[in-house]
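All chains, please: the whole structure from these sequences, using the hints.
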Amino acid sequence: MLAKRIIPCLDCDLAVAQGRVVKGIEFKQIRYAGIPWELATRYYQEGADEIIFLDITASHERRDTMVNVIKQTAENVFVPLAVGGGIKTLEDARTIFNAGADKVTVNTTALKRPEIITEIAEEYGNQACVVAIDAKRRYESFENRITVPTPKGECWFECSFYGGREFTGIDAIAWAKKVEELGAGEIMLTSMDRDGTYDGFDIELTETASSRVRIPVIASGGCGNAKHILEVFEKTHASAALAASIFHYDEWPIGDLKQYLADNGVLVRL
Amino acid sequence: MDYGVGNLFSIYNALHHVGANPKRITDPAALSEAGGLVVPGVGSFGRCMQKLSPFKDALFESLERGTPMLGICVGMQLLFEKSEESPDEGLGWVDGQVVRLPDTVLIPQMGWNELSIKKDVEILNGINEGDRFYFVHSYHCVPKDASMIAATTDYGMKITAVISRDNLFAVQFHPEKSGAKGLSILENFVRLTRC
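Going line by line, the protein sequences match chains H and V. If you count by our numbering, then the first sequence holds residues 1 to 270, one letter each, in order. If you count by our numbering, then the second sequence holds residues 1001 to 1195, one letter each, in order.
Keep in mind the hints are simulated off the structure, nothing from the lab. Be aware that one or more of the hints could be misleading.
[As the list claims (entries may be wrong)] Covered, in the sense of this in silico footprint (three residues per stretch, anywhere, with C-beta under 8 Å from a C-beta of chain H), are these stretches of chain V:
1) 1009 to 1015
2) 1103 to 1112
3) 1179 to 1185
A virtual CB, placed ideally from N, CA and C, is assigned to each residue, including glycine.
This is how it looks when you write it as structure tokens:
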């Protein structure tokens, strides 16, 4: 049987030579964690099932730095490598693939120009196109929304873009179904309410999306400990769990985390 | 073999990492110089087959000459007669078809799945029952001759994961993306090529 995947996500600031891995809290405050390719190599050796780099550099004029980061990582890391952030055109995606990435993730561009999903999928295969969705809970304006009951009341989920700085009015669950139709191979679903909080994944968000699409969903945002990952696998149809802070600051080495999951009945690659 | 599908950086890096001295071959005439051939494949069966077409004859000569050959993912599927994915004819070196995964499972299969070993073959040296490899595919190979199957995996049904016949080897998963165990398979292959 297929194993659940554990994916460290490295948010990269590429405004310095070699880049640096940073982590924000609720998309705002920032802490530094290390050099991207070194951290990726360490996570690979510890048993990461996949690595994601997200370029969070505001200007996205640091494409050369990202290419170098990917090249150096691809020489040392032999699990799938996904890269996202600031990919606006198929040509941008090509640059990333040619540096050695296996998948690209698109977010803002896909919301503004959904055809990019199909373009990438046609040239590199569906599996190579991950759509990242940043979703925030909304407890009002329910008309034509996919709503779910939560302990805090009925809510729907709104898609954000531009790294959480702007909102689209688009229903994140409806968007998830749409990107599947357009050819996305996978959805990386981040709860903006939980990101960086250590409060655990948004179970309602993750389950609502993962039970409605037929492509893998990566749960993201809020992971603070191993129990949170166990919970998201027990209560939702997520295929993978993404975390950042718990790996960056040595709170949970990936090997220990996977052993904990295995001991609790989750299929993982040990 | 670089016949214009997907990118070959991963496989190139992985072969290099296990001590081989990989060369990208973009000209069918150069295939005869290879001590071993890796045939990758990404995207649709039809597109790969069309791109592969100029290499077909030279590739067959290499196979006949006994050059060890390793098909990866769609590069494995191309060895078969045909695929439900597109009307294009496959190479047909292996009798059988490529069919879509059952609709009881998520498609594509994407992630780490376990091998169940059926045959003791050199390419699987050091690989144990239950070791996990990285799969990404929507279609799977069904060889007519089950004795070719060296390993299977379970995804809604038994899926052919590794085939082996003389100097021809193929894997449905991506050894170049399957961590240390995947590198072992590439190392085994490189040893067979003596290059």
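Hint compliance check: list the failing hint numbers for this structure, sorted ascending.
Violated hints: none at all, because every hint is consistent with the structure.
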